[in-house]
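K.L.:
Using the numbering used here, the final residue of the sequence shown is 380, and nothing's skipped along the way.
One or more of the hints may lead you astray.
SDA-like, lysine to any residue: derived pairs with alpha carbons at most 20 angstroms apart [to be verified]:
no., residue 1, residue 2
1, Lys81, Tyr115
2, Lys61, Gly183
3, Lys324, Arg313
Distance windows between CB atoms, simulated [unchecked claim]:
no., residue 1, residue 2, range
4, Leu315, Ser87, 56 to 64 angstroms
5, Gly116, Ala213, 54 to 62 angstroms
6, Ser87, Asn167, 34 to 42 angstroms
7, Arg219, Arg(-9), 54 to 62 angstroms
8, Met25, Pro296, 45 to 53 angstroms
9, Leu315, Lys81, 51 to 59 angstroms
10, Asp69, Arg(-9), 26 to 34 angstroms
11, Ala80, Tyr206, 31 to 39 angstroms
12, Ser57, Gly(-10), 52 to 60 angstroms
13, Gly260, Lys179, 16 to 24 angstroms
14, Gly260, Arg234, 22 to 30 angstroms
15, Arg215, Arg(-9), 32 to 40 angstroms
16, Ser49, Pro296, 25 to 33 angstroms
Read the hints as simulated data drawn from the structure, not as lab findings. For every residue, glycine included, the Cβ atom is placed at its ideal position computed from N, Cα and C.
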Amino acid sequence: MAGRPPVICDTGTGVIKAGFAGEQEPSLVFPNLLGRPMLRFDGGLGAGQKVSDLMIGDEANSARSMLQLSRPIKNGVIHDWDDMEAVWDYTWAKLGIDPSEHKVVQTEAALNPPTNRERIVETMFEKYGFGAVNVSVQAILALNSQGLTSGFVVDSGDGVTHLVPVTEGYVEPALVQRVNLAGRHVTEHLMKLLVGQGQPLNSTADFETVREVKQKLCYVALDPAAERKLARETTLVDRQYTLPDSRTMRVGAERFLAPEILFSPALSGQGDGEGLAGMVFDTIRKSDIHVQKDYFQHIVLSGGTTMFPGMSSRLEKDLRQLYLERVLKGDTSRASKFKCFVEDPPRRQHMVFQGASILADAHEENSPWWISRAEYQERGASAIDRLIPTKLR
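Use the sequences and the hints to build the structure in full.
P.N.:
This is how it looks when you write it as structure tokens:
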């Protein structure tokens, strides 16, 4: 392994981000997606492209109209290990590595089931033969990418959103919120809204198309009521989107109504509980009084679902309103003393990778930071527990 940089693999529900320690951004980014032919096609899709028995990532996405699509991770937890291993096989091949010559860092969500974490470790050693393994918590990595060890992380990917208060690198599990409301659910709601407008969308291929519409056109409204009025009375919100078959469709109020479910889950039938702002506020208020100020001033957005334009401004606005209503009881004269800042780094979809890259580079020769093959053989996959902050086990 001497001279070979550690491999970083941020294995997400929706996207794989992989590369090497010391890199600012992942060198390999592709959808965590597999496709198998609905029928056997003798023909191709175009010049140099054919349907094969198993297609992965962008290759599967580009041929999606001919494939049955699947994803190995649901709500942040691996549920199909054969498919997950196929994706990892593809990842190592695309990186051009021999795993036995490298160490590897895998990332996981806070409160990830220990059995899931241990099987990742087992797979990295037993199937791939990596020389050493580290599994790190995504929220802590996101903070590290910003040079912080304390703060409140809102990490929202494709399958799950985590609200994670971190103090000096440690997390109190009783305060961590894991919410099965994230990017995929926004896509589902957008699809429902578009179908309601008469768009014929119903296949897994259509779902991936709607995901692209979401990524390119959706945004979070600062004032939803005002935005609805604007959409109703003008065409300023309307955009045209060209579908893969060259048809076009109009997307109007759906652009902001779809991500609105993150703030108002009841809109999509996800229950009538608190939205994102309410959950962030309640979680911080339940924390120790001495760290609440720091949390409110260092709310850090991470993950692809936080990339919607307007996300940070809306969250900050709603938090200020909640503080005014619930703490100050409407006393606006004291509102200016409340400091609340939501940080939205421009490359926040890669913050977890960046944090892992920084730490793996710094600790490449620091043996305690890694689980070695010898330690794994002695203690088994549970050896990884010593690397997870004790409060998160």
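K.L.:
Where does the structure disagree with the numbered hints, that is, which hint numbers, in rising order?
P.N.:
Of the numbered hints, 2, 8, 12, 14 and 15 do not hold.
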